[in-house]
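For the record, the sequence lines run as chains V and U.
So for the first sequence, the numbering used here puts the first residue at 490; every next one is plus one.
So for the second sequence, the numbering used here puts the first residue at 133; every next one is plus one.
These are calculated hints, taken from the structure and not from any lab test.
Glycine included, each C-beta is placed from N, C-alpha and C at the ideal position.
Just so you know, not all the hints are guaranteed correct.
As the list claims (entries may be wrong) - For each label pair, taking beta carbons as the anchor points, the in silico distance ranges come out as:
{"hint": "1", "chain 1": "U", "residue 1": "442", "chain 2": "V", "residue 2": "509", "range": "25 to 31 Å"}
{"hint": "2", "chain 1": "V", "residue 1": "540", "chain 2": "U", "residue 2": "165", "range": "23 to 29 Å"}
{"hint": "3", "chain 1": "V", "residue 1": "547", "chain 2": "U", "residue 2": "317", "range": "43 to 49 Å"}
{"hint": "4", "chain 1": "V", "residue 1": "637", "chain 2": "U", "residue 2": "196", "range": "53 to 59 Å"}
{"hint": "5", "chain 1": "U", "residue 1": "261", "chain 2": "V", "residue 2": "543", "range": "50 to 56 Å"}
{"hint": "6", "chain 1": "U", "residue 1": "220", "chain 2": "V", "residue 2": "523", "range": "46 to 52 Å"}
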Amino acid sequence: MFIGGSMKLKVKKVQRIDGVRESFYFPAIFSGLRLTVKHFWRNLFGSKDVVTINYPEEKRHVSERWRGRHRLTRRDDGFLSCVACYMCETICPSKCIHIESGEHPDLSVEKYPVVFNIDELRCVFCGLCVEACPKDAIRMDTGIISMAYTSRETFDFTRDLLRDNYDPKAHANPKYGDYDLPSPSSQEEALPNSQGVPAT
Amino acid sequence: MEIILEIIMIPAVLATIKILVIILMFAMPLGTVLTLMERKWSAMIQDRVGPNRANIGKFTGHGALHLAADGLKSIFKEDTMPKGADGFLYLIAPFFGLIAGVATFAIIPLAGPIGDFTFQVTDIEPGLLFIFAITSLSVYGAVLAGSSSNSKFALLGGTRAAAQMISYEVFMGLALMGIFMVYGTTRVSGIVDGQNEYWFGNLIPMWGVFTQPLGFLLFFTALVAETKRAPFDAPEGESEIVAGYFLEYSGMRWSAFMLAEYVALVGVASLITTLFFGGYHIPWLHLWESAPQWLVTIMQVIKFSIFTLFFCWFQIQLRWTVPKFRFDQTMSLGWKKLLPLSLVNVIVTAFVILAFA
Chain V
490 MFIGGSMKLK
500 VKKVQRIDGV
510 RESFYFPAIF
520 SGLRLTVKHF
530 WRNLFGSKDV
540 VTINYPEEKR
550 HVSERWRGRH
560 RLTRRDDGFL
570 SCVACYMCET
580 ICPSKCIHIE
590 SGEHPDLSVE
600 KYPVVFNIDE
610 LRCVFCGLCV
620 EACPKDAIRM
630 DTGIISMAYT
640 SRETFDFTRD
650 LLRDNYDPKA
660 HANPKYGDYD
670 LPSPSSQEEA
680 LPNSQGVPAT
Chain U
133 MEIILEIIMI
143 PAVLATIKIL
153 VIILMFAMPL
163 GTVLTLMERK
173 WSAMIQDRVG
183 PNRANIGKFT
193 GHGALHLAAD
203 GLKSIFKEDT
213 MPKGADGFLY
223 LIAPFFGLIA
233 GVATFAIIPL
243 AGPIGDFTFQ
253 VTDIEPGLLF
263 IFAITSLSVY
273 GAVLAGSSSN
283 SKFALLGGTR
293 AAAQMISYEV
303 FMGLALMGIF
313 MVYGTTRVSG
323 IVDGQNEYWF
333 GNLIPMWGVF
343 TQPLGFLLFF
353 TALVAETKRA
363 PFDAPEGESE
373 IVAGYFLEYS
383 GMRWSAFMLA
393 EYVALVGVAS
403 LITTLFFGGY
413 HIPWLHLWES
423 APQWLVTIMQ
433 VIKFSIFTLF
443 FCWFQIQLRW
453 TVPKFRFDQT
463 MSLGWKKLLP
473 LSLVNVIVTA
483 FVILAFA
């Protein structure tokens with residue numbers, strides 16, 4: 490293509506090393522061989538320089554701030570902290586949280602989630618639900634960074650499956666429902682049972 | 133029993149047995165294991181772990197099962213042929229390289245002769261000229277594969293392979309000329325026995341690498357270029373022309389190309405050992421006069437194998453050290469530098485022999 494005569498082309502001069510030493514390649518090859526042979530022998534006896542982490546067997550440290558799989562926190566008495574306020578469901582950009590609230594027999598607990606489902610396949614792990622929660626009831630600090638299961642259903646985590654560090658692969662039958670809460674007839678009868686959700 | 137022994141001692145039968153033993157028990161297994169070793173060793177060079185996943189239950193054998201996995205995979209893979217390919221040539225091309233690589237072992241002695249029995253398939257008079265003829269044949273594999281694939285990249289790779297191998301053959305012969313002059317023969321057993329002499333009493337063995345140091349460097353370079361391995365792997369050129377001449381192949385035929393490469397690698401290593409590192413001769417062994425024959429033979433096979441293994445390792449190390457030459461660099465290195473150097477080597481050797489002999 491013709492470029493106007495007044496325009497000056499910018500040419501970058503590359504510094505090249507010439508001469509006999511370079512043109513026969515042997516000195517450069519030998520200095521390269523020195524390096525690779527050093528690494529080879531060091532790794533042949535004891536793998537001193539190997540930086541690979543054999544992933545499924547070895548896991549690297551996961552930062553506490555890493556947004557992994559969710560978990561539902563519990564109060565001191567073992568009951569869920571969640572009060573079913575729908576904050577997380579509202580803010581969730583991928584609409585992966587589904588909550589149904591229910592009235593708890595213990596009157597000191599106003600509401601609790603009868604259903605708390607998270608579809609981990611839809612989740613984008615943005616962490617907005619954790620920020621929105623007024624009760625610190627949902628966290629993403631399980632350290633579970635890879636969820637690889639063989640069926641879609643396994644990714645539907647229900648309320649009790651969102652226990653701390655629950656791993657579906659470790660169970661023969663990974664899908665089980667939420668436990669029913671006891672339905673006491675009076676407040677006095679309910680109080681000792683306020684640990685409604687079994688902590689197993 | 134005697135009849136069996138008589139049948140075995142028929143020259144043709146004996147040669148067949150030797151071929152089978154040397155190729156099936158030395159060349160092919162070593163070449164096959166090297167396909168895995170290259171991956172393991174390159175991993176060590178690059179601070180990685182290398183293949184270690186293939187397993188039967190808990191047993192992985194540090195990656196040894198990858199060999200079986202690779203073999204099974206290639207057998208069961210579909211053998212594809214592109215549309216418009218030249219069928220017959222396309223189908224036979226992979227085996228040219230393999231045959232050429234295997235034929236190298238016809239003249240390589242694994243140990244010294246016991247009486248009339250030699251540990252060598254045949255000790256023909258032309259000797260190394262036979263090797264030159266055979267390595268020239270291996271270029272057919274690349275060229276036929278490239279031209280019959282009906283693919284532009286494969287054709288480019290085939291052309292590059294042809295140009296490169298023919299150019300490097302020129303000074304491969306010239307580099308060995310010095311060896312012929314020093315030992316005065318092209319017969320392999322003569323060259324090997326010539327390296328059993330010593331300089332300054334019993335001080336330095338007259339190995340080819342000491343009598344012909346420049347010839348060794350040139351011949352080694354030429355052989356590495358002949359096997360089309362890095363730094364001379366422009367015919368494959370995975371960064372430019374995908375896989376070069378064997379781009380269209382799959383399954384067992386692709387494996388034949390791979391196996392040919394590694395058998396050629398073993399061939400190069402054993403040729404270098406035979407011609408430049410005393411072959412099977414163990415230096416200074418003649419000082420131990422009462423050595424039993426069987427022990428000497430075993431030690432000779434071991435010495436030969438160790439040197440061969442070392443040069444296999446060295447070629448792999450070289451491949452993972454040196455970046456690829458551009459194709460024009462390959463050609464200018466061959467024609468403008470190594471060819472004049474090998475001519476100088478021949479002339480200097482001739483003058484030295486004239487002066488001292």
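- Are residue 261(U) and residue 543(V) spaced within 50 to 56 Å by their CB atoms? Holds - the Cβ-Cβ distance for residue 261(U) and residue 543(V), about 52 Å, lies within 50 to 56 Å.
- Message: Assuming the hint says 23 to 29 Å, is it satisfied by the Cβ distance from residue 540(V) to residue 165(U) or not?
- Response: 26 Å, holds
- Query: Does the Cβ distance between residue 547(V) and residue 317(U) fall inside 43 to 49 Å?
  - Reply: 59 Å, violated
- Task: Return holds or violated for the Cβ distance of residue 442(U) and residue 509(V) against the range 25 to 31 Å.
- Result: 29 Å, holds
- Message: 53 to 59 Å was suggested as the range; check whether the CB atoms of residue 637(V) and residue 196(U) agree with it.
- Response: 27 Å, violated
- Using the C-beta atoms of residue 220(U) and residue 523(V), is the stated range 46 to 52 Å upheld? 49 Å, holds
Of the numbered hints stated above, those contradicted by the structure are hints 3 and 4, listed in ascending order.
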